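Let the sequences and hints guide you as you build the complete structure.
Top to bottom, those sequences are chains L and G. Residue 0 is where the first sequence starts when you use numbering that gives the first Met the number 0, and the numbers rise one by one after that. Residue 0 is where the second sequence starts when you use numbering that gives the first Met the number 0, and the numbers rise one by one after that.
Since the hints were made in silico from the structure, they are not lab data. Accuracy of the hints is not assured; some may be wrong.
[Said to hold, decoys possible] Computed list of lysine-lysine pairs in DSS-like fashion (alpha-carbon distance at most 30 Å, straight line):
#1 K12/L x K101/G
#2 K2/G x K75/L
#3 K64/G x K210/L
#4 K60/G x K213/G
#5 K64/G x K75/L
#6 K17/G x K285/G
#7 K9/L x K124/G
#8 K76/L x K148/G
#9 K70/G x K76/L
#10 K9/L x K97/G
#11 K101/G x K75/L
#12 K9/L x K105/G
#13 K75/L x K100/G
#14 K119/G x K62/L
#15 K2/G x K76/L
#16 K101/G x K70/G
#17 K124/G x K62/L
#18 K76/L x K53/G
#19 K62/L x K101/G
#20 K213/G x K210/L
#21 K17/G x K210/L
#22 K53/G x K62/L
#23 K127/G x K12/L
#24 K165/G x K12/L
#25 K60/G x K210/L
#26 K75/L x K53/G
#27 K62/L x K213/G
#28 K62/L x K70/G
#29 K119/G x K148/G
#30 K285/G x K165/G
#31 K62/L x K60/G
#32 K119/G x K9/L
#33 K62/L x K64/G
#34 K100/G x K2/G
#35 K17/G x K12/L
#36 K70/G x K148/G
#37 K210/L x K53/G
#38 K64/G x K148/G
#39 K94/G x K62/L
#40 K165/G x K62/L
This one's a predicted model, so the numbers in the text were calculated from it and none came from an experiment.
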Amino acid sequence: MFRTIFAEIKYFKGLFIIIYGSILFLFIKTVIGELNAYDFMISSSILFFIAMGIWGIACGVEKRERYVALLPLSIKKIGIQGLLFIILIKASIFLLWVIAYFTKHIQQDSGFIWTMISLAMLNLIVVGVIAIGIELGYYGTRFRIPIFVIFMIGAIFLFSFSLDVMSPAMNTGVTFLESPEFLKTPIWALLVSLLAGFILYLDYILFMNRKYFLN
Amino acid sequence: MTKALEIDDVVKTYPGFKLGPLSLDLEPERVLAYIGPNGSGKSTTMHCLIGLVKACQGSMKIFGKENKPDKTDWKLDIGYIGDVHVFYENWTAEKNLKHLKKFYSKWSDQLINNLVERFKLPLNKRAKDLSSGSRVKLSLISALAHSPKLLLLDDPTSGLDPVARKEVLDTLFEVLEDDERAILYSTHILSDISRLADELAFLVDGQLMSRHEKDELTENWRRISFQLDRNDVDLDSIVNHISKGNDHQVISKNYRATIKQLQDLGARNIHDTRLSIDEIAVEIMKEKM
Numbered sequence: 000m001f002r003t004i005f006a007e008i009k010y011f012k013g014l015f016i017i018i019y020g021s022i023l024f025l026f027i028k029t030v031i032g033e034l035n036a037y038d039f040m041i042s043s044s045i046l047f048f049i050a051m052g053i054w055g056i057a058c059g060v061e062k063r064e065r066y067v068a069l070l071p072l073s074i075k076k077i078g079i080q081g082l083l084f085i086i087l088i089k090a091s092i093f094l095l096w097v098i099a100y101f102t103k104h105i106q107q108d109s110g111f112i113w114t115m116i117s118l119a120m121l122n123l124i125v126v127g128v129i130a131i132g133i134e135l136g137y138y139g140t141r142f143r144i145p146i147f148v149i150f151m152i153g154a155i156f157l158f159s160f161s162l163d164v165m166s167p168a169m170n171t172g173v174t175f176l177e178s179p180e181f182l183k184t185p186i187w188a189l190l191v192s193l194l195a196g197f198i199l200y201l202d203y204i205l206f207m208n209r210k211y212f213l214n
Numbered sequence: 000m001t002k003a004l005e006i007d008d009v010v011k012t013y014p015g016f017k018l019g020p021l022s023l024d025l026e027p028e029r030v031l032a033y034i035g036p037n038g039s040g041k042s043t044t045m046h047c048l049i050g051l052v053k054a055c056q057g058s059m060k061i062f063g064k065e066n067k068p069d070k071t072d073w074k075l076d077i078g079y080i081g082d083v084h085v086f087y088e089n090w091t092a093e094k095n096l097k098h099l100k101k102f103y104s105k106w107s108d109q110l111i112n113n114l115v116e117r118f119k120l121p122l123n124k125r126a127k128d129l130s131s132g133s134r135v136k137l138s139l140i141s142a143l144a145h146s147p148k149l150l151l152l153d154d155p156t157s158g159l160d161p162v163a164r165k166e167v168l169d170t171l172f173e174v175l176e177d178d179e180r181a182i183l184y185s186t187h188i189l190s191d192i193s194r195l196a197d198e199l200a201f202l203v204d205g206q207l208m209s210r211h212e213k214d215e216l217t218e219n220w221r222r223i224s225f226q227l228d229r230n231d232v233d234l235d236s237i238v239n240h241i242s243k244g245n246d247h248q249v250i251s252k253n254y255r256a257t258i259k260q261l262q263d264l265g266a267r268n269i270h271d272t273r274l275s276i277d278e279i280a281v282e283i284m285k286e287k288m
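Given below as structure tokens:
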């Protein structure tokens, strides 16, 4: 089940060493109190996007989908493994956020954990929407570009809105305190999580119903 | 006996192209050359078989197992080499093979070593640094290492220069010559496969036009030269007719019947010569197109 995931991690170890090295560096700075928790989350989110972008492009160039589709694996497993890979990378970064949260230098506030969850889910939404755009390319519908554009604008808006509202002053320790209260609630975290789940599920369904795996 | 391959009423459509309805089967241990011009649907058939493309209708079975995307057992019986060779490009050939080994229980390192030696594949080179010929060789070794009962070869040497193509094919045929697996080999260059093929199937514009035993073709198709004092030689079994004065040359798909008919017409100095399988294929394709 996890053979293709481990293969990807092994294959892209150089990329992941650089990305995780940078994230760990930021993590340490956060833990020792030199970096704001928001800055850490946002910087590591950007590093996550960079990692996913490079991975996605490299896999496209090497026609990884064709490679994997030729292996004795069911399409269902291939689809789940792809999503698991993205979630695993995000989860490992999220784990560092959680550890950072429990260190004494970060404002201990129940709202912060909900903000953290929603930001992690927003990361997945952006990557999931890009994946949906790629999947729609296999359907040949004339609506695929408008559909993708609407999804993408929605995801970017949601992400930017959350960041802007949550981080009006990126380098100060008061960003969290300044952000609106509703972004620190479990309801918001739940809504964003449900949306992330829907986007990833949609991605999986589109993958499963594809007519070809030649790329 | 369970057939190696059963394609039943398969249809796949793309804008401006339709494959099928296609029905085709292959007995175990037989080699079928799947011949057709570019764009005739050979690769589409292969892609549907291996699961890279979903057919619009029909069913495909490999040793009795339907090639459903939610099942994997049928894939274990297949070795596939397409015209695109995909690897983990930054891994060495050896590492690529080691990775594939994890997916196949019947993977044989001994067979790998044997094939690597025969193909003279540089195992320590990264896939992206391999020559085109060596990439094909790595694909072939990957496809053969788990001893599949059915080999699907989709124009594997396309894009290779003639020297590399000959080198790859010579070694491949040497490996496959005494083999007992079923092979479906699609190509538009018949000389690539004529040495191995038991049967030939001709595909034109997505339709299977005809299928013949190779021995039957080489036996029946002949070039016949003769002399006759008339130009209108219109016989059913003739596919090509050239004449210069009283000298005639025809290609017959049933030389015995043609000779009999020519004798009835009063032809003189009748001589027949065998045709190569390539020449026969060209005539068949010309006839069907």
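Check each numbered hint from earlier against the structure, then list the numbers of those it violates in ascending order. Checked against the structure, the hints that fail are numbers 20, 24, 27 and 35, while the rest are satisfied.
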